[in-house]
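A.B. asks: Produce the entire structure from the sequences given, and follow the hints as far as they go.
Sequence lines, in order, name chains G, C and F.
Take any residue in the first sequence, note its place counting from 1, add 5, and you have its number in the numbering used here.
Take any residue in the second sequence, note its place counting from 1, add 5, and you have its number in the numbering used here.
Take any residue in the third sequence, note its place counting from 1, add 5, and you have its number in the numbering used here.
Hints listed in this document are in silico derivations from the structure and should not be mistaken for laboratory results.
Only a predicted model underlies this, so the values are computations on that prediction, with no experimental measurement involved.
Among the clues, some could well be false.
No distinction is drawn between identical chains; accordingly, a pair holds when it is met within one copy or between any pair of copies.
[As the list claims (entries may be wrong)] Computed list of lysine-lysine pairs in DSS-like fashion (alpha-carbon distance at most 30 Å, straight line):
1. LYS50 to LYS104
2. LYS104 to LYS63
3. LYS65 to LYS50
4. LYS65 to LYS104
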Amino acid sequence: MSEITRHETGPRMSQAVVHNGTIYLAGQVGAPGESVTAQTQAIVKNIDDLLARCGSDKTKILQATIWLASMGDFAEMNAVWDAWAPAGHTPARAAGESKLATPDYKVEIIIVAAA
Amino acid sequence: MSEITRHETGPRMSQAVVHNGTIYLAGQVGAPGESVTAQTQAIVKNIDDLLARCGSDKTKILQATIWLASMGDFAEMNAVWDAWAPAGHTPARAAGESKLATPDYKVEIIIVAAA
Amino acid sequence: MSEITRHETGPRMSQAVVHNGTIYLAGQVGAPGESVTAQTQAIVKNIDDLLARCGSDKTKILQATIWLASMGDFAEMNAVWDAWAPAGHTPARAAGESKLATPDYKVEIIIVAAA
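C.D. replies: Dropping the structure here:
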């Protein structure tokens, strides 16, 4: 069996879990109440930071699942995503509408990446 | 290629699928119409049972995705989750609002774990 | 580290990503505005085609996550799914309600499969 490595492990969740060459990140969010642009920018920075801690980076993302509290924010989220997504190395992606922990959270992104 | 092992395989889905050291569980639900607490308790028992059948346990969960029919039930679900989550071994987690198969289902949890 | 292979890689996402014997497909959708039956039929054909491109097929699907814009379409989607799902090889599955990119999209399916 391959070992499991966890990062930023709290009582409810870990921010990153690595097993068998695959990294699973907790759903990343931005600061509640900020704009969709600002929240998405914070999210992609969180993803970059967590992947770096695991020895990986955004060119190795395998799967991204995006939840938007309102699909009306799809274009605003995508503008930040498209500027950040690594050319030639984009992940499999899906985006759907899902209300989040509180109404002040507008975007959440769930990442699976290669270690 | 690594082999695939399936458990409780029906015509629509399997309850657990194991491949390459990784276990994928079907979305687990409780009894329709019961309280959020009772449904979440049933779900975590289902998860324990299915992981045991695969030779694993809750200390090896890599990723948990939680769907709540209403985010108003977030705290009630979390109380059960927090009591059950294994200290020092918590998974990457995300929780969002998603209506489920019928309105009587209030919580669903999707698990990926290490074998 | 295992290599990553990407298929149909655009600036926003890839349609399929393969790593370490596991295939991640982008969320598949049908033609906007068509019936739930027609959209689901297009989706399962997309899945068959993408898996074939990766040297895999529907008997090797590990996990399926289904988003429906309306849970009122659950039975109609399931009729197509049940006719297509490979007997004895069904994946772990979860289905929830999530509005999609535009209201004309009624179903989206996210697949993880073995290579």
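A.B. asks: Next, verify each hint and record whether it holds.
C.D. replies: Structure-based check of each hint:
1. LYS50 to LYS104: Intra 22 Å, inter 26 Å, cutoff 30 Å: intra and inter.
2. LYS104 to LYS63: This pair counts as both: shortest intra-copy Cα distance 26 Å, inter-copy 27 Å.
3. LYS65 to LYS50: both (15 Å within a copy, 27 Å between copies)
4. LYS65 to LYS104: both (28 Å within a copy, 28 Å between copies)
Comparing the model with each numbered hint stated earlier shows that all of them hold.
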